[in-house]
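Q: If you want the building blocks of each chain, they are given just below.
Protein chains: 4
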Amino acid sequence: MVIVMDVNAGEAEVNAVKDKLTGFGFQSYLIKGVKRIVIGAVGDRKSLKVLNLETLPGVKEVISIMKPFKLVSREVHESNTCIDVKGSVFGESEPVLIAGPCAVESREQIQAAAYHAAGAGASILRGGAYKPRTSPYSFQGLEEKGLEYMAEAAEQNGLAAVTEVMDEHSLEIALNYVDMLQIGTRNMQNFKLLKAVGRCGKPVLLKRGLSATVEEWLMSAEYILSEGNPDVVLCERGIRSFEKYTRNTLDLSAVPLVKELSHLPVIVDPSHGTGKRELVSPMSMAAIAAGADGLIIEMHPEPMEALSDGPQSLYPEEMYTLAGKIEELSRVINGKLSPAVV
Amino acid sequence: MVIVMDVNAGEAEVNAVKDKLTGFGFQSYLIKGVKRIVIGAVGDRKSLKVLNLETLPGVKEVISIMKPFKLVSREVHESNTCIDVKGSVFGESEPVLIAGPCAVESREQIQAAAYHAAGAGASILRGGAYKPRTSPYSFQGLEEKGLEYMAEAAEQNGLAAVTEVMDEHSLEIALNYVDMLQIGTRNMQNFKLLKAVGRCGKPVLLKRGLSATVEEWLMSAEYILSEGNPDVVLCERGIRSFEKYTRNTLDLSAVPLVKELSHLPVIVDPSHGTGKRELVSPMSMAAIAAGADGLIIEMHPEPMEALSDGPQSLYPEEMYTLAGKIEELSRVINGKLSPAVV
Amino acid sequence: MVIVMDVNAGEAEVNAVKDKLTGFGFQSYLIKGVKRIVIGAVGDRKSLKVLNLETLPGVKEVISIMKPFKLVSREVHESNTCIDVKGSVFGESEPVLIAGPCAVESREQIQAAAYHAAGAGASILRGGAYKPRTSPYSFQGLEEKGLEYMAEAAEQNGLAAVTEVMDEHSLEIALNYVDMLQIGTRNMQNFKLLKAVGRCGKPVLLKRGLSATVEEWLMSAEYILSEGNPDVVLCERGIRSFEKYTRNTLDLSAVPLVKELSHLPVIVDPSHGTGKRELVSPMSMAAIAAGADGLIIEMHPEPMEALSDGPQSLYPEEMYTLAGKIEELSRVINGKLSPAVV
Amino acid sequence: MVIVMDVNAGEAEVNAVKDKLTGFGFQSYLIKGVKRIVIGAVGDRKSLKVLNLETLPGVKEVISIMKPFKLVSREVHESNTCIDVKGSVFGESEPVLIAGPCAVESREQIQAAAYHAAGAGASILRGGAYKPRTSPYSFQGLEEKGLEYMAEAAEQNGLAAVTEVMDEHSLEIALNYVDMLQIGTRNMQNFKLLKAVGRCGKPVLLKRGLSATVEEWLMSAEYILSEGNPDVVLCERGIRSFEKYTRNTLDLSAVPLVKELSHLPVIVDPSHGTGKRELVSPMSMAAIAAGADGLIIEMHPEPMEALSDGPQSLYPEEMYTLAGKIEELSRVINGKLSPAVV
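Protein chains in written order, with our numbering: chain E, 4 to 345; chain A, 4 to 345; chain P, 4 to 345; chain G, 4 to 345.
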């Protein structure tokens, strides 16, 4: 930690900082520049949160050197974490494919979706039963009935299932039906919910918040790990920017960046990341080439009839074509080509 | 609503759109340009959510003309809504002043804070008992004990009290202690929580999400109103931008903009909006001059000892000075000067 | 300066950094943490640019403590710089009012504009003769003819004149006609042009770039000062954000922030900053309350006929009303109320 | 074009709009909704710029249906434009590789760079002689001497050369030495310069502005084409966002999006796009997988000694490895895998 003192800070103020540091067991070093005094300090990270040096008189800035995350950090855990969801493993060489509709709309719809997802080579079925919608007048999901349909469809087609939970109530119910729980972008900093999934015993898919920095995203994963659940798969799904032609700006550089900072697997959602069907395939390819551990793709048996996200949902035949290409690309990337290790 | 057809769309595709519109009770009008066909449509807004025209073949874009919010819209409710919190009225000419620490830290601390808040002329005490913190290792609040201390301090000093709720559990407890409930920036799109405060019978302070558009913010208010609670005070608290010298970018233009679009009162949080003590006073003045119905300001009896947000908390004496200036400015603004009516 | 070494950096790498620092005349201090080594260094800022420590093996991050600007910094020049443009002084207690149309469209139009600007109490006339337009098919300005009209109109009404220059050619011509040169938002980092106005001998109005940080903006001012021209007035005019209801997001917190970091005057452009006529007045008031040294406002004798920026241009009568309010507010702000000194 | 009238607009105001439309040769259609009147209009795009309907009383919003760009639009020119730079063709199946240092620093440095660029399989050498630097105290380039060294190095190694021009002066000089002219991100809306390169007769590499929308970027290309130069290669180089771990946020979705909207080739700059050497290789792979027509990569013979951009410059050996992988990936992508055609 580095404490930058104000230009006008006097000896008394410098000493107050040093004393506080000493009191909390830190060692400190004085660096006298021409214009400023800077204090370097070394000690236990845990004490950092209560030091509050910024509030002392004469302190201009406190610069933290250590990253604030710990359990999710690659410094603490060097090798990749691999997460097994009913036989699909995130974090190994083969990318995991998750596919399915935005929302479970009916028994028939999710069965058709599961059939095509399995046919295309996906191993996990996605589908929303509790939907966070911007408008109170939009379709809000079939709730538990939707989960029943989904679990049935997944089982019949040999797939695992993942669904979004919005609060502790929907979490409790979902635990009876699915194999993996999704925390959506709007709940990335719903800390009560993060703690709850941290105690639930099932793998968690943690989407990046709409305008979350990579550091904040990893801190949210830290919440889950700190409650005892090590099985967190991160999911980049587009950030908010000024661009108007796409729904979001898919930040693929987050993939190799997260892999450098953390041992957790990271996948990509090109459907929400772009909001446009015609961009889903090229961005899926790009995600795999960037080193992603998998993809979560919206596919609807009849996008024209979808109750939500129709314009960004693939047709089943597009999904088949894309899955074939992903497989081929992945073989190349994980054979001679391995960008993550460059 | 305007439907823009693809350049290559044929008669069959145009007819399919017209038929769907007719089926849902819409009237449609064909506009043939040199390059494109555009269809204008008029009908009941409620049907819009299920039309899903974007998914029909040949449709390039659907442009909505109506704003998506209804109950919060000034088109529906022309005059200002005034909201009474234990005698303090948001939406009238006098701005309401809310002051207090980021978090309730101890009985003594909140009592001192309440004493100074009342002394400076604030009528509502703020203080967090359930704290949403980016790091799981940061101070998370005193929970119910904090609310007890806060209610006591507010009462002894003739103040109302407002606190943030993070989920239905903390909401239920808070209802026993405070007069107004705050939905924090990270929960602006926690729709379950919005519905819950929509049924709770007490006024709600709804902070704008970190990267929420004004439209999304108003849609979140719509959630609360649609559950039967008309008493929502909006709070601008800074949006996320690329600027690094301030914690957030305070978007004061949201004040007159919200007043044009909606009948709800809107206040400003210059403490989180800037993150720097020395910017709080000038931005408070600016907020009032822009037409804000009040301010919520972090003030701590001893900012140097604050467990959170010390660098952006005012000292009590700064609060006294600022409150005096606000009062004087407000008299001028609401006398001859009234920017909102220009 | 603080150099953070990689977790795995060895003694050789640390020594290489220390040797390079010594070679450039820096003193260095070693701080050994539990996990990392950090090196503090003190020396001449000028050498910083050639040190390139980031590129040495084992160096993880180099954190600069000093701000990169010098001549514009309040650390170097404590008192406010006051800039006189034909008798109007930026940086004193009275705010300077600049008004006029987006573009000079005709002799009659700019004369009417100048008449109303003077009538309302503005002391400087604005008007574009060389227009940077997003589309090559939009009106590009009357060029030198426009400057002739403008100079004539300004003189007849006792006003100074400011106009935007786009390159060295338009700069040379403009010098014959106007009293102040504007660098527009798109040219804030046109460094050749910055150097040219730095040598031109007239005051410069430097608009903030569309997505420039405050630091980058001040560095652009540094370019002008470093060429020998001390007369730079900064102008906040809105930054780019995700919000769609306004053209830009006016960042008023930049006003007190710039005043803290720099001795240069700073004014606000609420017309481009919002893009909406109805927001111009409230945001003008807010700007003055935040401590701005002036305003530059688009006003057109007939906004309905404007060739550009009609929707954000005030009608003359709105300008008269606003100017009256500004005067009154300013008297209050600069009397007992002075937010910048809080 | 669709004109949305105000809720309170009366017959007179509607008629005024219709009359103006008729006067400019537009056909108009009235659509009466429950709450609002909307007017559809069809006519010649060229007249749009002078209509200024937004300024008429009673007009709430004017929504343009046509994209504002024309010459660069795929609607006007369906097939891909291929651009030949001394035998390297942008827009065909094989991606073009541009490599070299940020700045030409010496004769030896650029010769070593050219040697390695050619060795790795690049066909065009990059190198800056006129450098736009945020600080006036940073290295500003060797100017004409640098171009001499660069042209020599390129020729000796069988490479073409591209360099950035900053104004008409540097453009004139550069025309004597290089085969392609780069417009940098800070000059994307330097319209005088765009017009100048539009008349220069050589291919142009147009970088996307730091916070430019895709539409604004294409409008800048439109400037160049409208002056008669059809040879514009677009270059995505990262946009500004709130993320702090990377220098910029590389927006790869711009690649397939631009290819949908325009016939011009588009390449990617992963060096500036990320600012971190370790992210360059994975993002290069991702760019090619997304369908990019080429890459421009910073490579320095000795990044540790680089005068600028050292931390994001590849070592020659990294360049060799990456180029091999790109070639293999490209064979796969352009064989069976072609994301752009999905």
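Heads up, some of the hints might be wrong.
Pairs count within a copy or across copies, as identical chains cannot be separated in the list.
Unchecked claim - With a straight-line Cα cutoff of 27 Å, these simulated DSSO-like cross-link-like pairs (lysine-lysine) come out: (1) Lys-247 <-> Lys-63; (2) Lys-21 <-> Lys-198; (3) Lys-195 <-> Lys-205; (4) Lys-205 <-> Lys-38; (5) Lys-89 <-> Lys-38; (6) Lys-38 <-> Lys-73; (7) Lys-279 <-> Lys-73.
FYI, nobody ran anything at the bench for these hints, they're computed from the structure.
Q: Please go over all the hints and tell whether each is borne out by the structure.
A: Consistency of the hints with the structure:
| no. | hint | in the structure |
| --- | --- | --- |
| 1 | Lys-247 <-> Lys-63 | between (39 Å within a copy, 15 Å between copies) |
| 2 | Lys-21 <-> Lys-198 | neither (36 Å within a copy, 45 Å between copies) |
| 3 | Lys-195 <-> Lys-205 | both (17 Å within a copy, 23 Å between copies) |
| 4 | Lys-205 <-> Lys-38 | neither (55 Å within a copy, 33 Å between copies) |
| 5 | Lys-89 <-> Lys-38 | neither (61 Å within a copy, 38 Å between copies) |
| 6 | Lys-38 <-> Lys-73 | between (35 Å within a copy, 12 Å between copies) |
| 7 | Lys-279 <-> Lys-73 | between (37 Å within a copy, 23 Å between copies) |
The structure shown violates the earlier hints numbered 2, 4 and 5.
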